[in-house]
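**Student:** Order-wise, the sequence lines are chains L and Z. For the first sequence, position 37 matches number 37 in my numbering, and the numbering has no gaps at all. For the second sequence, position 43 matches number 43 in my numbering, and the numbering has no gaps at all.
Among the hints, a few may not be true.
[Said to hold, decoys possible] Cβ-Cβ distance ranges computed for the label pairs, FRET-style:
1) L:Trp5 / Z:Met18: 57 to 67 Å
2) L:Val22 / Z:Arg119: 15 to 25 Å
3) Z:Trp116 / L:Asn20: 18 to 28 Å
4) Z:Ala146 / L:Pro69: 17 to 27 Å
5) L:Trp5 / Z:Ala126: 52 to 62 Å
6) L:Leu142 / Z:Leu108: 27 to 37 Å
7) Z:Gly2 / L:His117: 56 to 66 Å
8) Z:Trp116 / L:Asp4: 51 to 61 Å
9) L:Leu14 / Z:Arg123: 15 to 25 Å
[Said to hold, decoys possible] Here are the simulated DSSO-like pairs of lysine-lysine, each with C-alpha atoms no more than 30 Å apart in a straight line:
10) L:Lys56 / Z:Lys20
11) L:Lys10 / L:Lys95
12) Z:Lys134 / L:Lys95
13) L:Lys65 / Z:Lys134
[To be verified] Partial selection, computed: residues in chain Z whose CB lies under 8 Å from chain L:
14) Gln30
15) Phe41
16) Trp52
17) Thr60
18) Arg67
19) Tyr69
20) Pro70
21) Trp74
22) Trp153
Since the hints were derived computationally from the structure, they do not count as laboratory data. Idealized CB from N, CA, C, for every residue including glycine.
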Amino acid sequence: MLMDWANNLKDSALAQYIQNDVTAFPILEVAHVIAISLVVGSVFIVDLRLMNLASKSYRVTRLMKAVLPITIIAFIFALASGFLMFVTQPVVYLKTVPFVLKMGLLVVAGINMLAFHLWTQRSIANWDEGGAIPISARAAGLISLILWTAILVAGRFVGFMLAY
Amino acid sequence: MGLAQFADWLDQTPFSTMLKTEFWIVPTLQSIHILSVCLVFTGAVVVCLRAWRVMGTDWTPQLWARRLYPTQWWALLALVATGTLQVLAEPPRELTNFYFQTKMVGVLLAALLALWLSRRFYREEADSTPAILKAASLLLMLLWGAIMFAGRWIAYA
């Protein structure tokens, strides 16, 4: 079913346009690199604060409020540019191990973020400004740092391991 | 010896051959390179946005610069090291490429501008940012964007 969808997507007018326009794919790549750089860089700022390794004088909630809009906007651009690159050869990408790994890691990073917001963040008033940061928050920061690094590395390996 | 001949000679060296033939080396170098780009570019964007009072106003621009610029220097060092090794892996494709040469000029300008900005931001204790620093931080952010553009375009030239 997934491969049927991928096959249809490959033949769509959008996919044909991106494939035939010589500048479309490189422009999408540039947009993707810029967007993903901002996603990872901004996530790292919050992760290091959660791990109590940097920005210690900045309240956690205030730092998240300041930085996360950058993350969200950049993520939307990364998602859009990534999808537009994907449509050019969806079947190939779906058969490429680093690409599938990257998608899986993105889902895990999303779950980690959701778990943080649903559970760990409930007690944030106790450690928002100077209090001892609980192990669950530190772990969320560390896991996020590792996951986003792995997402970036997997993304780089996609181009080298395309399963034509 | 011209640049093209030098690139060809470099291409034939055992070290360049080793970088090319080991499958994992170039993608690993590229991964470290892009990770360093994340740190350098995000630092430039955040300091710029704070200078323009778009975000992070709980801290002065000076505090943001002190938080992010030191990381930026280490990341820039990693960028140069991994970039140099990537050039050694494919000298003819890189050294004679217009976009690569443009990127190198851009990196030099960005490093000088970042150095000047860090010195100025470290001295500015005020919450508001002088117009010259606002403009320079915006220029640095755009310059890094242009460098990334040139970097990706090397493969298509």
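**Student:** Against each hint, give a clear statement of whether it holds in the structure.
**Tutor:** Against the structure, the hints:
For the pair Trp5 of chain L and Met18 of chain Z, the beta carbons lie near 43 Å from each other, so the given range of 57 to 67 Å is not met. Taking the beta carbon of each, Val22 of chain L and Arg119 of chain Z are about 43 Å apart, not inside 15 to 25 Å as hinted. The hinted range of 18 to 28 Å is not satisfied by Trp116 of chain Z and Asn20 of chain L, whose Cβ atoms lie roughly 45 Å apart. The supplied range of 17 to 27 Å is met by Ala146 of chain Z and Pro69 of chain L, whose beta-carbon atoms lie about 24 Å from each other.
Between Trp5 of chain L and Ala126 of chain Z the beta carbons are some 56 Å apart, a value that agrees with the proposed interval 52 to 62 Å. Between Leu142 of chain L and Leu108 of chain Z the beta carbon distance is about 36 Å. The supplied range of 27 to 37 Å therefore holds. The given range of 56 to 66 Å is respected by Gly2 of chain Z and His117 of chain L, whose C-beta atoms sit roughly 59 Å from each other. Distance hint for Trp116 of chain Z and Asp4 of chain L: a CB-CB separation of about 57 Å, consistent with the stated range 51 to 61 Å.
The beta-carbon spacing between Leu14 of chain L and Arg123 of chain Z, approximately 51 Å, falls outside the hinted interval of 15 to 25 Å. Restraint check: the Cα-Cα separation between Lys56 of chain L and Lys20 of chain Z comes to about 43 Å, which exceeds 30 Å; the hinted pair is violated. Restraint check for Lys10 of chain L and Lys95 of chain L: the C-alpha separation of about 14 Å stays at or below 30 Å, so the hint holds. Taken as a hint, the Lys134 of chain Z and Lys95 of chain L pair is broken in the structure, with Cα atoms around 47 Å apart against an allowance of 30 Å.
A distance of roughly 22 Å separates the Cα atoms of Lys65 of chain L and Lys134 of chain Z; the hinted pair therefore holds under the 30 Å criterion. The interface hint given for Gln30 of chain Z holds, since its Cβ lies 5 Å from the closest Cβ of chain L, which is under the 8 Å cut-off. Checking Phe41 of chain Z against chain L: minimum C-beta separation of about 5 Å stays under 8 Å; hint holds. For Trp52 of chain Z, the interface hint is violated, the least distance from its beta-carbon to any beta-carbon of chain L being 13 Å, above 8 Å.
Here the hint on Thr60 of chain Z is broken, as its CB sits about 11 Å from the closest CB of chain L, past 8 Å. At a threshold of 8 Å, the smallest CB-CB gap from Arg67 of chain Z to chain L is about 6 Å, leaving the interface hint in force. Taken as an interface hint, Tyr69 of chain Z does not check out: its beta carbon lies about 13 Å from the nearest beta carbon of chain L, beyond 8 Å. Contact between Pro70 of chain Z and chain L, as hinted, is not supported at the beta carbon level, the nearest pair being about 10 Å apart and thus beyond 8 Å.
Hint status for Trp74 of chain Z relative to chain L: violated, with the closest Cβ pair at about 13 Å, above 8 Å. At about 6 Å, the closest approach between the beta carbon of Trp153 of chain Z and any beta carbon in chain L falls short of 8 Å, and the interface hint on this residue holds.
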